[in-house]
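**Q** Residues per chain are reported as follows:
Protein chains: 2
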Amino acid sequence: MLKEKIEKLNKLDSKLSAIFFAQSLLEWDSETIASDGGVEERAIVAGEISEIYFNTFVNDETKALLEELDERKEELDQVTKAIVFLYKRKFYNIAKIPVEDYTDFQVLISKSYSAWEKAKNNKNYSIFAPFLTEIIKYQKKFIKLRGKGGHPYNTLLDDFEPGITVEILDEFFSELRKNIVPLVQKVCDKQNNEIDFINKKFDIKKQEEFSKYIMPKLGFDTSRGMMTTSAHPFTLNLSRNDVRITTNFKEDDITNSIFSTIHETGHAIYEQNIDEKFGLSALTTGVSMGIHESQSRFYENNLGRNINFWNVNFPVIKKMYKKELNDITVNDWYRAVNHVKKSLIRIEADEVTYPLHIMVRYEIEKMIFSDDIDVNKLPDIWNDLYEEYLGIRPENDAEGILQDVHWSGGAFGYFPSYALGSAYAAQFEHAMRKDIDVDKALKNLEMDEIKEWLKDKIHKYGSSKMPSEILKEATGETFNPEYFIKYLYNKYEI
Amino acid sequence: MLKEKIEKLNKLDSKLSAIFFAQSLLEWDSETIASDGGVEERAIVAGEISEIYFNTFVNDETKALLEELDERKEELDQVTKAIVFLYKRKFYNIAKIPVEDYTDFQVLISKSYSAWEKAKNNKNYSIFAPFLTEIIKYQKKFIKLRGKGGHPYNTLLDDFEPGITVEILDEFFSELRKNIVPLVQKVCDKQNNEIDFINKKFDIKKQEEFSKYIMPKLGFDTSRGMMTTSAHPFTLNLSRNDVRITTNFKEDDITNSIFSTIHETGHAIYEQNIDEKFGLSALTTGVSMGIHESQSRFYENNLGRNINFWNVNFPVIKKMYKKELNDITVNDWYRAVNHVKKSLIRIEADEVTYPLHIMVRYEIEKMIFSDDIDVNKLPDIWNDLYEEYLGIRPENDAEGILQDVHWSGGAFGYFPSYALGSAYAAQFEHAMRKDIDVDKALKNLEMDEIKEWLKDKIHKYGSSKMPSEILKEATGETFNPEYFIKYLYNKYEI
Numbered sequence: 001m002l003k004e005k006i007e008k009l010n011k012l013d014s015k016l017s018a019i020f021f022a023q024s025l026l027e028w029d030s031e032t033i034a035s036d037g038g039v040e041e042r043a044i045v046a047g048e049i050s051e052i053y054f055n056t057f058v059n060d061e062t063k064a065l066l067e068e069l070d071e072r073k074e075e076l077d078q079v080t081k082a083i084v085f086l087y088k089r090k091f092y093n094i095a096k097i098p099v100e101d102y103t104d105f106q107v108l109i110s111k112s113y114s115a116w117e118k119a120k121n122n123k124n125y126s127i128f129a130p131f132l133t134e135i136i137k138y139q140k141k142f143i144k145l146r147g148k149g150g151h152p153y154n155t156l157l158d159d160f161e162p163g164i165t166v167e168i169l170d171e172f173f174s175e176l177r178k179n180i181v182p183l184v185q186k187v188c189d190k191q192n193n194e195i196d197f198i199n200k201k202f203d204i205k206k207q208e209e210f211s212k213y214i215m216p217k218l219g220f221d222t223s224r225g226m227m228t229t230s231a232h233p234f235t236l237n238l239s240r241n242d243v244r245i246t247t248n249f250k251e252d253d254i255t256n257s258i259f260s261t262i263h264e265t266g267h268a269i270y271e272q273n274i275d276e277k278f279g280l281s282a283l284t285t286g287v288s289m290g291i292h293e294s295q296s297r298f299y300e301n302n303l304g305r306n307i308n309f310w311n312v313n314f315p316v317i318k319k320m321y322k323k324e325l326n327d328i329t330v331n332d333w334y335r336a337v338n339h340v341k342k343s344l345i346r347i348e349a350d351e352v353t354y355p356l357h358i359m360v361r362y363e364i365e366k367m368i369f370s371d372d373i374d375v376n377k378l379p380d381i382w383n384d385l386y387e388e389y390l391g392i393r394p395e396n397d398a399e400g401i402l403q404d405v406h407w408s409g410g411a412f413g414y415f416p417s418y419a420l421g422s423a424y425a426a427q428f429e430h431a432m433r434k435d436i437d438v439d440k441a442l443k444n445l446e447m448d449e450i451k452e453w454l455k456d457k458i459h460k461y462g463s464s465k466m467p468s469e470i471l472k473e474a475t476g477e478t479f480n481p482e483y484f485i486k487y488l489y490n491k492y493e494i
Numbered sequence: 001m002l003k004e005k006i007e008k009l010n011k012l013d014s015k016l017s018a019i020f021f022a023q024s025l026l027e028w029d030s031e032t033i034a035s036d037g038g039v040e041e042r043a044i045v046a047g048e049i050s051e052i053y054f055n056t057f058v059n060d061e062t063k064a065l066l067e068e069l070d071e072r073k074e075e076l077d078q079v080t081k082a083i084v085f086l087y088k089r090k091f092y093n094i095a096k097i098p099v100e101d102y103t104d105f106q107v108l109i110s111k112s113y114s115a116w117e118k119a120k121n122n123k124n125y126s127i128f129a130p131f132l133t134e135i136i137k138y139q140k141k142f143i144k145l146r147g148k149g150g151h152p153y154n155t156l157l158d159d160f161e162p163g164i165t166v167e168i169l170d171e172f173f174s175e176l177r178k179n180i181v182p183l184v185q186k187v188c189d190k191q192n193n194e195i196d197f198i199n200k201k202f203d204i205k206k207q208e209e210f211s212k213y214i215m216p217k218l219g220f221d222t223s224r225g226m227m228t229t230s231a232h233p234f235t236l237n238l239s240r241n242d243v244r245i246t247t248n249f250k251e252d253d254i255t256n257s258i259f260s261t262i263h264e265t266g267h268a269i270y271e272q273n274i275d276e277k278f279g280l281s282a283l284t285t286g287v288s289m290g291i292h293e294s295q296s297r298f299y300e301n302n303l304g305r306n307i308n309f310w311n312v313n314f315p316v317i318k319k320m321y322k323k324e325l326n327d328i329t330v331n332d333w334y335r336a337v338n339h340v341k342k343s344l345i346r347i348e349a350d351e352v353t354y355p356l357h358i359m360v361r362y363e364i365e366k367m368i369f370s371d372d373i374d375v376n377k378l379p380d381i382w383n384d385l386y387e388e389y390l391g392i393r394p395e396n397d398a399e400g401i402l403q404d405v406h407w408s409g410g411a412f413g414y415f416p417s418y419a420l421g422s423a424y425a426a427q428f429e430h431a432m433r434k435d436i437d438v439d440k441a442l443k444n445l446e447m448d449e450i451k452e453w454l455k456d457k458i459h460k461y462g463s464s465k466m467p468s469e470i471l472k473e474a475t476g477e478t479f480n481p482e483y484f485i486k487y488l489y490n491k492y493e494i
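In order, the protein sequences belong to chains A and B. The numbering of the first sequence is our numbering, which starts it at 1 and goes up by one. The numbering of the second sequence is our numbering, which starts it at 1 and goes up by one.
No lab work stands behind these hints, which were simulated from the structure alone. For each residue, glycine too, the CB sits at the ideal point set by N, CA and C.
Here are the simulated DSSO-like pairs of lysine-lysine, each with C-alpha atoms no more than 30 Å apart in a straight line:
hint	chain 1	residue 1	chain 2	residue 2
1	B	Lys-206	A	Lys-319
2	A	Lys-63	A	Lys-144
3	A	Lys-443	A	Lys-205
4	B	Lys-212	A	Lys-201
5	A	Lys-319	B	Lys-205
6	B	Lys-491	B	Lys-212
7	A	Lys-217	B	Lys-118
With the Cβ distance kept under 8 Å, some of the chain B side facing chain A (calculated, not the full set):
hint	residue
8	Gly-37
9	Ile-49
10	Ser-223
11	Met-226
Residues from chain A that keep clear of chain B, each with C-beta distances beyond 12 Å, as calculated:
hint	residue
12	Leu-9
13	Gly-219
14	Met-320
15	Lys-341
Sequences are here, hints too, so could you generate the full structure?
**A** Structure below.
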């Protein structure tokens, strides 16, 4: 009897994972090569497939199955227990949403992506505003249906980082603000600003060559994934054996593609290193956005902006761009890739100002879900907050409120996980350095030891443990933002 | 009541079309960019999605709905009537297959593609043979379950070209053989064989440029589709507004990519020009493989190998390859692209010998489904038939039995539609020339009139009319292979 139920669960997991695979592929295709002409049909397809997912998952049979298995969880093996836990969480997150609303929302966000893209290209927020209004309306309705009490925004935060609340974040961000705002000022006052050389013209073919060189060096398995380009870099895991990243090449900014590639490679390595025993399952993906971002940021910042990393890799770039980098030393390069600047674009921000960009979005999202906000006023609020936190003001919506893709996909509550990711990464690094000579590994470009540590402490578990468990077991303590602040002060207040 | 049933039918059509869209995208992805690492998971996904398709479609509810609507077909509008007709045909084609067999077969062909690719790359049939054996076993089982009597192979032929049987094809091919074998000999004896210039080195970037130049000139709408590369060129329609082709560039054969691109563009134009009133429906695709091939071949051969076409387009190529084509005239070029040669590779064959390549496959497929054939002996049978029909023998399996992808996808009965396509194309051209001065249109590269004729007589109907109806209405008579034979004799026996 129990055996049959477990088989039923595994079959459900396989089926839902297959549908999710198809949805992911649709998304991949939309954001990489699909032509604009097909947007209407793709939206219909997205809606139908979502409905199939919903109906396959949300029904009395699934509910009974999950409850029965949960009641007998002591008899289950570890993996099955984790599957039950994960699906129960998923189930009660969407079960209260009527299927029509669920699928209409999927159709809406499929269309919204194109609207956002068009709005951004035209620097015109009003193209996107009606879609954003609808998306917010749906999300508020969903919060009412599935909310667990407390601040309405908590429901959305919990989707991306289980256990995280407005209360925790208010404290976290206030701590960051207290320490980072003065740090930014100090660094900006004293740093050497001669870094124009990174904005020379850097042939894109060679940038691509460097990306393809560095990915496997970092530990990306090229037989189980690939890289291409898209407007907004992202990582997508169809399965642990097919993990794809996109990057974005700008001729006049060589560091843009380098750090996008390293960042996404960090995400991809996480996915590729999940234990293969989970197979094609909902467990076979990173557990939360915060933990995911901790891995991408760890590769991008903690490793990729370390002087030892560049001591060995800068000569490779210099060889590619003999003319452009002729008189540049590795120290010039290191200084440039760690240059702190009050800037407008989040994904181009340095690691010190980065959390300030997140705070802008956090404040706005909190506002949206606290009040009846006028969507048309959001660009002004956005610009005001940039002026307040960073002392600069966007000149148009493309470099302001339209810069990020997330809201077009309905992903409110996602941004804070970026800041959490940086903080987790610092905490992980602190723990790792007790076991490994990180600088020596970087100096020799021997990344295996680092990758194995991450795999063993974080990656291999996929979604079979909660973020807080992983953090605790890997570092020996609960979430502690002090490591991040110390990391920044050690690095920048030299 | 009737209205509700029609709504139910449309919902079913939309859902099945969405699942088919997802399946098509999986196929596209597998054959273009997916990494080998993910093949196992993709096979599982293919199986699960097929099962979902099957279970959504094949059930008593669908059966009742289709039968009820069919009984009241006089009350239905034309489009609904066509949907009912199409789905009834589809339903009884698969309803007798057990769902497990159906999905196992989908998993098998998903894996077989990789095995075929590997076998071809290694010139080693034995890698593919076990998969082919399994595929044949399944197809034979399916024929027993769903066969309508007559020759077992008829069931498969009917899948690709409704109404076509072994009896019709035996007569068709015997007619072709009688006329083409002596024609090939005559042409080979008298033609000028100095065409080596097409095997110089032709920069691939420029070949791509030419493909991208010629596609829209022919009538391909680039806002509703795109082109990329794959091992075996193909066309895939996700929707009428997202039609994709692949081509294949060979540095040492410039004509290869040109005619692949023109051929696939012919397929793509057909799909793009289906009436938009059908929306995302099973009606929105070409009606049969034979009619589809008639369109690709019409563009490739009837238009693309016409002297008037090259009078205007050869200068474009010559400008791209100044050095390589310096002393080549348009007549040299015309002679080269219409050169007749007894060769081994079907997709590189000229239009005269092409049907002989098809006859090899036709004979083998007929054998496979007539007898208990030993799959391991097929390479020898293949090679013997090439020797008999074309007077040459493959030296390895890659240029022999492994050259085509079709069998790896279980597509037996497909090949004859290529030869039917050529014959249909000649019949269509004969009819078109009564309405349009085709040569003048080509001379001026004004393809609109031609495209509109095809759209009006063939394309716009999608799958809402049977192949024989389309042929009859467009040309005023039933299928008549004499036009093809006349076309070849007129063109080659100068």
